[in-house]
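Chemist: Sequence:
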Amino acid sequence: MPAPDAFEQAKQLFLDGLQAFEAQRFDDAERLFQSSLALLPGRVSTLINLAATQVKLARPQDALATAEQVLAAEPGNADAWFHKASALGQLERHREALAGYEKVLALGTLPAAEPWLRHGQTLQALDQPERALTSYERALAAAPGLAQAWSNRGGILREMKRNEEAAEAFRQALAHGADPELHHYYLASVSAQPTPPTAPAHYVETLFDDYADEFDAHLVGVLGYRAHDTLVRQLATLGRGPFRSTLDLGCGTGLCAPLLKPMTQRLTGVDLSSLMLDKAQALGLYDSLVHADIVDHLRGTDERYDLVTAADVFIYVGDLEPVFAALDHAMQAHGLFCFSAECASTESADFELLPSLRYAHSERYLRALAARHRFDLLQLIRAPIREDQRESIPGLFVYLARR
0 MPAPDAFEQA KQLFLDGLQA FEAQRFDDAE RLFQSSLALL PGRVSTLINL
50 AATQVKLARP QDALATAEQV LAAEPGNADA WFHKASALGQ LERHREALAG
100 YEKVLALGTL PAAEPWLRHG QTLQALDQPE RALTSYERAL AAAPGLAQAW
150 SNRGGILREM KRNEEAAEAF RQALAHGADP ELHHYYLASV SAQPTPPTAP
200 AHYVETLFDD YADEFDAHLV GVLGYRAHDT LVRQLATLGR GPFRSTLDLG
250 CGTGLCAPLL KPMTQRLTGV DLSSLMLDKA QALGLYDSLV HADIVDHLRG
300 TDERYDLVTA ADVFIYVGDL EPVFAALDHA MQAHGLFCFS AECASTESAD
350 FELLPSLRYA HSERYLRALA ARHRFDLLQL IRAPIREDQR ESIPGLFVYL
400 ARR
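In numbering that gives the first Met the number 0, the protein residues as written are 0 to 402.
No wet-lab data here; the hints were simulated from the structure.
Because the structure is a prediction, the values reported are computed rather than measured.
Heads up, a few of these hints could be off.
In silico BS3-like links for lysine-lysine, alpha-carbon gap of 30 Å or less [as the list claims (entries may be wrong)]:
1. K102 / K55
2. K278 / K260
3. K55 / K10
4. K278 / K55
Build out the structure end to end from the sequences listed, making use of the hints.
Modeler: Here it is in structure tokens:
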């Protein structure tokens with residue numbers, strides 16, 4: 000039995016840990032909970048909050064061990080099961096995570112909305128969208144204002160091409176406090192709502208940070224992506240170069256680098272995703288890598304590039320006027336700007352946001368931009384960019400020279 004002063008000290012450390020957790024100071028919260036446990040070992044309430052904190056810190060092995068410590072003492076503790084399932088999900092042990100959430104729901108001692116939400120997310124990770132929809136419906140039956148469930152439901156319906164239902168789900172998500180910029184972007188992809196000029200920067204950054212480890216294998220191997228290869232190999236036929244300084248806009252993991260490096264003295268890459276840049280750095284082909292928005296970099300750089308490339312970058316940028324305007328600052332006279340774009344379904348619009356959440360551009364718009372910003376069109380070809388659901392996605396490959 001701890002001494003009274005030790006008990007009071009442990010209690011205060013626990014309360015301080017809760018306060019740190021609520022303030023999202025998770026490192027502090029973990030330290031405080033561990034200090035409390037040093038004085039009161041095995042205290043279930045402290046262990047449960049420690050497991051929750053370790054999940055927030057993305058340390059699933061630690062969270063799993065902490066949750067198991069609770070379950071050894073209290074096999075029916077729903078909170079511990081919930082944190083165990085969350086940790087298993089982070090470890091990509093999705094079938095075990097699903098069983099964990101089902102255990103939480105069977106115990107019935109926690110509010111049902113969040114477990115059903117996580118159940119749906121886990122089913123999505125297991126590529127079971129129809130079942131996931133049912134889980135989200137159960138979550139919304141328990142908590143009609145759960146914005147994340149509306150958002151996830153909308154995402155599945157969008158992928159199923161049930162656009163009207165998807166639009167309503169995104170409207171409900173917005174009505175219940177979901178990220179406005181992101182969900183107006185989602186809504187515009189499936190409805191007649193005005194098209195935003197670009198994808199939200201935080202959406203693109205998160206998307207590619209999450210995608211970094213499997214990007215090359217999935218994009219090239221699964222989706223048959225070839226925009227980088229088509230863009231640079233066609234550039235080589237124009238009889239220009241070698242180049243002094245090349246900028247690879249939206250360089251990602253560096254797919255263009257092996258093709259660009261032999262034709263340039265200096266190669267710079269810029270990307271929004273820090274994890275993508277880590278992969279590019281490992282290639283050892285870039286002289287410089289910059290973590291930045293492409294327009295911000297073009298506006299702020301002291302370098303003057305004689306070659307700028309953008310392979311499959313403008314699928315996340317609708318309005319290209321700021322890009323072309325920034326190139327006025329960053330390019331040498333007679334330099335080349337070479338890029339790919341997805342073909343719009345109509346020439347009547349400058350650009351459109353597709354249900355795939357990708358932008359597509361009209362040839363008319365790209366020609367007008369080039370003329371307005373003092374570029375001569377050297378070549379424009381149409382060729383596939385990638386495959387989507389076994390259909391070839393048509394692209395435009397544009398080669399411009401500064402006057």
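Chemist: Now tell me, hint by hint, if it's right for this structure.
Modeler: Taking the hints in turn, this is what the structure says about them:
no.: 1; hint: K102 / K55; in the structure: holds, 21 Å
no.: 2; hint: K278 / K260; in the structure: holds, 16 Å
no.: 3; hint: K55 / K10; in the structure: holds, 22 Å
no.: 4; hint: K278 / K55; in the structure: holds, 25 Å
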